[in-house]
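There are 2 protein chains.
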Amino acid sequence: MERITATYLVETCYDLKEAAHVLAGEQSSGTFVSVPGESDELKARFAARVEQIEELESVSQPSLPGDFGSNMTFKRAKITVSWSEENFGTNVPALVSTLQGNLYELKQFTGLKLDDFTLPKSFTDKFKGPRFGIKGTKELASVEADRPMIGTIIKPSVGLTPEYTADLVKVLAEAGIDFVKDDELMTSTANSPFEKRVEMIQKVINTHQDKTGKKVMYAYNISGDIDQMQSQYEWIVKHGGSCAMISINSVGWAATKKISEMGELSIHGHRNGYGMLNRHPLLGINFPAYSKIWRLAGVDQLHVNGIENKFWESDDSVVRSINSCLKPFIKEQGILPVVSSGQWGGQAFETYKRTQTTDLLYMAGGGIMAHPSGPAGGVRALKQAWKGAVDGKTLQETAKDYKEFGESVLKFGSK
Amino acid sequence: MERITATYLVETCYDLKEAAHVLAGEQSSGTFVSVPGESDELKARFAARVEQIEELESVSQPSLPGDFGSNMTFKRAKITVSWSEENFGTNVPALVSTLQGNLYELKQFTGLKLDDFTLPKSFTDKFKGPRFGIKGTKELASVEADRPMIGTIIKPSVGLTPEYTADLVKVLAEAGIDFVKDDELMTSTANSPFEKRVEMIQKVINTHQDKTGKKVMYAYNISGDIDQMQSQYEWIVKHGGSCAMISINSVGWAATKKISEMGELSIHGHRNGYGMLNRHPLLGINFPAYSKIWRLAGVDQLHVNGIENKFWESDDSVVRSINSCLKPFIKEQGILPVVSSGQWGGQAFETYKRTQTTDLLYMAGGGIMAHPSGPAGGVRALKQAWKGAVDGKTLQETAKDYKEFGESVLKFGSK
Numbered sequence: 000m001e002r003i004t005a006t007y008l009v010e011t012c013y014d015l016k017e018a019a020h021v022l023a024g025e026q027s028s029g030t031f032v033s034v035p036g037e038s039d040e041l042k043a044r045f046a047a048r049v050e051q052i053e054e055l056e057s058v059s060q061p062s063l064p065g066d067f068g069s070n071m072t073f074k075r076a077k078i079t080v081s082w083s084e085e086n087f088g089t090n091v092p093a094l095v096s097t098l099q100g101n102l103y104e105l106k107q108f109t110g111l112k113l114d115d116f117t118l119p120k121s122f123t124d125k126f127k128g129p130r131f132g133i134k135g136t137k138e139l140a141s142v143e144a145d146r147p148m149i150g151t152i153i154k155p156s157v158g159l160t161p162e163y164t165a166d167l168v169k170v171l172a173e174a175g176i177d178f179v180k181d182d183e184l185m186t187s188t189a190n191s192p193f194e195k196r197v198e199m200i201q202k203v204i205n206t207h208q209d210k211t212g213k214k215v216m217y218a219y220n221i222s223g224d225i226d227q228m229q230s231q232y233e234w235i236v237k238h239g240g241s242c243a244m245i246s247i248n249s250v251g252w253a254a255t256k257k258i259s260e261m262g263e264l265s266i267h268g269h270r271n272g273y274g275m276l277n278r279h280p281l282l283g284i285n286f287p288a289y290s291k292i293w294r295l296a297g298v299d300q301l302h303v304n305g306i307e308n309k310f311w312e313s314d315d316s317v318v319r320s321i322n323s324c325l326k327p328f329i330k331e332q333g334i335l336p337v338v339s340s341g342q343w344g345g346q347a348f349e350t351y352k353r354t355q356t357t358d359l360l361y362m363a364g365g366g367i368m369a370h371p372s373g374p375a376g377g378v379r380a381l382k383q384a385w386k387g388a389v390d391g392k393t394l395q396e397t398a399k400d401y402k403e404f405g406e407s408v409l410k411f412g413s414k
Numbered sequence: 000m001e002r003i004t005a006t007y008l009v010e011t012c013y014d015l016k017e018a019a020h021v022l023a024g025e026q027s028s029g030t031f032v033s034v035p036g037e038s039d040e041l042k043a044r045f046a047a048r049v050e051q052i053e054e055l056e057s058v059s060q061p062s063l064p065g066d067f068g069s070n071m072t073f074k075r076a077k078i079t080v081s082w083s084e085e086n087f088g089t090n091v092p093a094l095v096s097t098l099q100g101n102l103y104e105l106k107q108f109t110g111l112k113l114d115d116f117t118l119p120k121s122f123t124d125k126f127k128g129p130r131f132g133i134k135g136t137k138e139l140a141s142v143e144a145d146r147p148m149i150g151t152i153i154k155p156s157v158g159l160t161p162e163y164t165a166d167l168v169k170v171l172a173e174a175g176i177d178f179v180k181d182d183e184l185m186t187s188t189a190n191s192p193f194e195k196r197v198e199m200i201q202k203v204i205n206t207h208q209d210k211t212g213k214k215v216m217y218a219y220n221i222s223g224d225i226d227q228m229q230s231q232y233e234w235i236v237k238h239g240g241s242c243a244m245i246s247i248n249s250v251g252w253a254a255t256k257k258i259s260e261m262g263e264l265s266i267h268g269h270r271n272g273y274g275m276l277n278r279h280p281l282l283g284i285n286f287p288a289y290s291k292i293w294r295l296a297g298v299d300q301l302h303v304n305g306i307e308n309k310f311w312e313s314d315d316s317v318v319r320s321i322n323s324c325l326k327p328f329i330k331e332q333g334i335l336p337v338v339s340s341g342q343w344g345g346q347a348f349e350t351y352k353r354t355q356t357t358d359l360l361y362m363a364g365g366g367i368m369a370h371p372s373g374p375a376g377g378v379r380a381l382k383q384a385w386k387g388a389v390d391g392k393t394l395q396e397t398a399k400d401y402k403e404f405g406e407s408v409l410k411f412g413s414k
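Protein chains in written order, with numbering that gives the first Met the number 0: chain H, 0 to 414; chain S, 0 to 414.
Treat the hints with caution; some may be incorrect.
To be verified - For lysine-lysine, the following BS3-like pairs were computed, each having C-alpha atoms within a straight-line distance of at most 27 angstroms:
id : chain 1 : residue 1 : chain 2 : residue 2
1  : H       : K352      : S       : K169
2  : H       : K42       : H       : K213
3  : S       : K237      : S       : K134
4  : H       : K134      : H       : K106
5  : H       : K352      : H       : K169
6  : S       : K326      : S       : K410
7  : S       : K169      : S       : K386
8  : S       : K195      : S       : K169
9  : S       : K213      : S       : K134
10 : H       : K106      : S       : K410
11 : S       : K16       : S       : K74
12 : S       : K16       : H       : K169
13 : S       : K16       : S       : K42
14 : H       : K42       : S       : K352
15 : H       : K77       : H       : K213
16 : S       : K125      : H       : K106
17 : S       : K125      : H       : K195
18 : H       : K125      : S       : K195
19 : S       : K169      : S       : K210
20 : S       : K125      : S       : K326
21 : S       : K77       : S       : K291
22 : S       : K195      : H       : K410
23 : H       : K134      : H       : K202
24 : S       : K410      : H       : K42
25 : S       : K214      : S       : K386
26 : S       : K134      : H       : K42
27 : S       : K134      : S       : K410
28 : S       : K127      : S       : K106
29 : H       : K134      : H       : K169
30 : S       : K169      : S       : K237
31 : S       : K42       : H       : K410
32 : H       : K42       : H       : K106
33 : S       : K213      : S       : K169
34 : H       : K169      : H       : K410
35 : H       : K399      : H       : K410
36 : H       : K195      : S       : K42
These aren't lab readings, by the way, just hints derived from the structure by calculation. Every value quoted in this text rests on a predicted model; they were computed, and no experiment measured them.
From just these sequences and the hints, can you work out the full model?
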């Protein structure tokens with residue numbers, strides 16, 4: 000039987016080996032006394048196994064509340080544990096409950112974060128994975144391979160009417176945008192019913208496509224009950240749309256998979272709420288593990304924050320997330336990293352330098368809408384920034400060579 | 000329009016009022032520059048509103064990484080924010096993305112935890128809520144109102160055959176148990192296919208019911224893909240079962256709601272993974288908010304850990320969780336708190352003293368299976384403990400009055 004491995008970052012004041020075995024034990028037969036029926040043979044077959052312990056630094060303050068008596072040395076380590084495939088078949092919720100589950104409750108640990116996991120090919124082969132992935136999604140929007148998809152978000156998030164939103168989309172489509180999305184706070188509201196919004200926006204997009212051949216991708220936020228998501232999905236398909244957006248943490252894994260498997264739209268995975276799972280350096284889950292769970296659900300696009308973002312996350316962490324998405328996982332496919340948060344084009348240079356990829360959906364909000372030459376100028380500026388970055392130019396050189404990007408630098412460059 | 004309110008525990012080195020407005024702004028129209036279309040009228044109608052700021056203590060070390068320059072005073076506060084119902088209709092994933100969403104990413108906060116929220120009756124009235132709740136679930140298992148349901152977990156979690164598991168259930172049923180559950184790590188495995196397990200266990204339970212009139216409730220773990228959960232649910236119904244268990248964090252909200260609404264089984268909500276969301280005192284979500292989200296999905300039973308548990312959680316926190324479950328929320332109903340983790344009966348006294356309720360599902364693992372007089376002794380001991388507690392006796396008095404509980408105290412009381 001093949002094995003599944005998971006790597007954790009942990010902190011403990013206990014003996015590291017002992018703590019690692021508590022971790023493995025909790026995820027195979029944890030209870031506070033030995034019970035009849037736990038034969039050695041069963042244990043050997045189904046028990047989790049500690050594969051590796053790599054000791055890291057020690058600290059004198061615990062990262063999380065826990066049980067540590069007078070011992071005030073907290074050892075950090077990277078621990079790798081494995082389970083037999085037999086334990087879960089290909090049931091992902093069972094896998095998640097095993098990899099995460101009650102582990103975070105163990106008082107032996109004053110820190111525990113799931114960093115990454117590996118699955119045998121026999122496991123991932125049973126999953127459809129993303130229907131469109133990087134290549135398919137870029138093709139849906141007629142975006143050339145040598146540049147990122149350029150996208151923006153409708154703001155304000157709630158309050159606009161379908162008419163106003165459709166007018167905005169018209170302006171953006173004419174400005175050359177590839178992708179537009181609902182804000183994640185926007186679903187169906189009193190003054191913007193979902194069906195009406197889709198109708199009006201797709202009319203604009205379809206007309207633009209008839210004229211130019213290019214279909215702008217709009218990510219409609221279908222997050223909600225399953226039945227509602229299914230009917231809204233069908234509504235998008237019926238009106239010629241190409242994408243649906245799901246707030247994956249709020250909707251959950253099983254429903255996201257069900258929707259992804261409908262197979263007609265590229266699925267835009269919005270990770271809002273991720274900070275709760277990730278912000279503490281020694282609690283929760285890191286992006287490589289997180290993204291794999293959602294790739295098993297079939298999302299095509301996944302948010303990764305951005306370089307010099309407006310949030311707390313470091314650039315190193317963002318780069319690691321981008322690379323995670325690009326790395327093949329199911330059927331040798333990557334998924335499209337969605338770069339957003341405070342982006343205006345200035346970050347294209349560092350983003351390209353550190354990732355060497357144009358397989359991105361690069362999103363700017365104010366960076367497009369508030370451009371001095373209007374949204375068309377904003378879109379042009381972003382394309383110019385990426386052209387400059389890919390051509391090996393600096394930000395300054397690009398600002399000199401291209402008018403609209405030059406204007407962006409004057410407006411957004413000082414912040 | 001009625002408003003939804005949410006209360007957060009926060010920590011910040013910024014001016015508290017300013018930080019509260021960043022929080023509210025992020026959840027209505029967050030972007031880094033003002034954009035056209037944000038009229039004052041729209042803002043007034045759809046913007047989140049800061050309702051209250053209650054300043055708490057200050058600390059000199061930040062709880063989470065963030066942006067604080069040279070300022071090293073971190074103020075803590077309880078902040079209440081409100082939104083108009085208009086922002087989401089009754090879409091719970093949209094509500095969750097609003098209450099939680101990108102808030103945890105804000106670098107202005109070095110701590111942010113959603114503590115609780117309130118919904119107008121017009122909102123909760125649109126939800127079916129739990130089908131069985133406290134009363135219905137206890138009735139399904141013929142449990143008297145004046146004592147908790149007594150339950151146990153099949154251990155080891157994975158490895159046992161359906162035959163062995165059914166034999167164990169027979170022993171437990173004859174011992175007088177009310178409730179038995181799969182371990183959360185157990186779904187359908189190589190040597191215990193789900194269908195076979197249900198067939199064999201329900202045969203034992205149905206036979207026992209024919210003889211005694213009592214139907215032991217078995218919580219089969221159906222966590223998985225939606226289609227699989229639906230067919231496994233039907234399989235349980237077909238074989239006369241009364242309960243299905245879902246690892247709610249792993250399966251997710253929308254799928255859990257879909258399954259709960261099938262309406263024939265009591266839904267056992269297992270919260271494994273909750274520590275990731277809750278263990279840090281200033282990150283994530285507290286139980287009152289967490290449980291309401293799952294009550295909207297329709298779970299009838301929800302794990303709350305236990306007094307003197309084997310995990311890290313404090314007794315105060317467990318008591319707060321129990322009280323949260325008992326408090327009416329949808330259609331004036333409570334849900335059944337599932338008390339577990341290191342329980343053996345000794346904790347009945349403190350649990351009853353602090354909650355004054357018998358509306359509990361009180362679970363013991365080793366406390367039953369490893370009882371000196373066998374499982375039957377273990378079940379009797381638990382019932383005796385609760386009888387003693389409700390009668391106002393002390394642990395010592397109860398141990399003296401009842402043989403099997405006396406044995407429990409000798410075996411488990413010293414740990």
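Status of each hint after checking the structure:
Only pairs whose Cα atoms come within 27 angstroms are accepted, and K352 of chain H paired with K169 of chain S is rejected, the gap being roughly 65 angstroms. Only pairs whose Cα atoms come within 27 angstroms are accepted, and K42 of chain H paired with K213 of chain H is rejected, the gap being roughly 59 angstroms. For the proposed pair K237 of chain S and K134 of chain S, the alpha carbon gap of about 23 angstroms is at most 27 angstroms, so the pair holds. At roughly 45 angstroms between alpha-carbon atoms, K134 of chain H and K106 of chain H are farther apart than 27 angstroms, so this suggested pair is violated.
With a C-alpha separation of about 33 angstroms, the suggested pairing of K352 of chain H with K169 of chain H is violated against the 27 angstroms cut-off. The straight-line distance between the Cα atoms of K326 of chain S and K410 of chain S is roughly 36 angstroms, outside the 27 angstroms bound, and the hint therefore fails. Distance hint between K169 of chain S and K386 of chain S is fulfilled; the C-alpha atoms sit about 25 angstroms from each other, no more than 27 angstroms. At roughly 16 angstroms between alpha-carbon atoms, K195 of chain S and K169 of chain S fall within 27 angstroms of each other, so this suggested pair holds.
Among the hinted pairs, K213 of chain S with K134 of chain S is consistent with the structure: their alpha-carbon atoms are about 16 angstroms apart, no more than 27 angstroms. For the hint pairing K106 of chain H with K410 of chain S, the CA-to-CA distance comes to about 23 angstroms; that is within 27 angstroms, so the pair holds. At most 27 angstroms may separate the alpha-carbon atoms for a hinted pair to count; K16 of chain S and K74 of chain S meet this at roughly 11 angstroms. Only pairs whose Cα atoms come within 27 angstroms are accepted, and K16 of chain S paired with K169 of chain H is rejected, the gap being roughly 39 angstroms.
A distance of roughly 18 angstroms separates the Cα atoms of K16 of chain S and K42 of chain S; the hinted pair therefore holds under the 27 angstroms criterion. Under the criterion of a C-alpha separation no larger than 27 angstroms, the hint pairing K42 of chain H with K352 of chain S is inconsistent with the structure, at around 40 angstroms. Restraint check for K77 of chain H and K213 of chain H: the C-alpha separation of about 48 angstroms exceeds 27 angstroms, so the hint is violated. Restraint check for K125 of chain S and K106 of chain H: the C-alpha separation of about 40 angstroms exceeds 27 angstroms, so the hint is violated.
The straight-line distance between the Cα atoms of K125 of chain S and K195 of chain H is roughly 23 angstroms, inside the 27 angstroms bound, and the hint therefore holds. A distance of roughly 23 angstroms separates the Cα atoms of K125 of chain H and K195 of chain S; the hinted pair therefore holds under the 27 angstroms criterion. A C-alpha spacing of about 13 angstroms is found between K169 of chain S and K210 of chain S, which places the hinted pair at or below 27 angstroms, so the restraint holds. Proximity of K125 of chain S to K326 of chain S is assessed by CA-CA distance (about 19 angstroms); at most 27 angstroms being required, the pair is judged to hold.
A C-alpha spacing of about 19 angstroms is found between K77 of chain S and K291 of chain S, which places the hinted pair at or below 27 angstroms, so the restraint holds. Under the criterion of a C-alpha separation no larger than 27 angstroms, the hint pairing K195 of chain S with K410 of chain H is inconsistent with the structure, at around 67 angstroms. The hinted pair formed by K134 of chain H and K202 of chain H meets the criterion: a straight-line CA distance of about 26 angstroms does not exceed 27 angstroms. For the hint linking K410 of chain S to K42 of chain H, the alpha-carbon distance of about 25 angstroms falls within 27 angstroms, and the restraint holds.
Taking the CA atoms of K214 of chain S and K386 of chain S, the gap is near 22 angstroms; set against the 27 angstroms cutoff, the hint holds. With a CA separation close to 39 angstroms, the supplied pair K134 of chain S and K42 of chain H exceeds the 27 angstroms bound. Of the supplied pair hints, the one linking K134 of chain S and K410 of chain S is violated, its CA atoms being roughly 34 angstroms apart against a limit of 27 angstroms. Between K127 of chain S and K106 of chain S, the direct Cα distance comes to roughly 38 angstroms. Violation of the 27 angstroms bound is thereby established for this hinted pair.
As the CA atoms of K134 of chain H and K169 of chain H are separated by approximately 25 angstroms, the hinted pair is consistent with the 27 angstroms bound. A threshold of 27 angstroms between alpha carbons decides the hint, and for K169 of chain S with K237 of chain S the separation of about 20 angstroms falls inside it, so the pair holds. At most 27 angstroms may separate the alpha-carbon atoms for a hinted pair to count; K42 of chain S and K410 of chain H meet this at roughly 25 angstroms. Among the hinted pairs, K42 of chain H with K106 of chain H is consistent with the structure: their alpha-carbon atoms are about 24 angstroms apart, no more than 27 angstroms.
Among the hinted pairs, K213 of chain S with K169 of chain S is consistent with the structure: their alpha-carbon atoms are about 13 angstroms apart, no more than 27 angstroms. At most 27 angstroms may separate the alpha-carbon atoms for a hinted pair to count; K169 of chain H and K410 of chain H meet this at roughly 24 angstroms. Note on K399 of chain H and K410 of chain H: the hinted pairing holds, with a Cα-Cα distance of about 14 angstroms set against a maximum of 27 angstroms. Using a Cα cut-off of 27 angstroms, the hinted pair K195 of chain H and K42 of chain S holds, with the two alpha carbons roughly 22 angstroms apart.
When the structure is compared with the earlier hints, violations turn up for hints 1, 2, 4, 5, 6, 12, 14, 15, 16, 22, 26, 27 and 28 and for no others.
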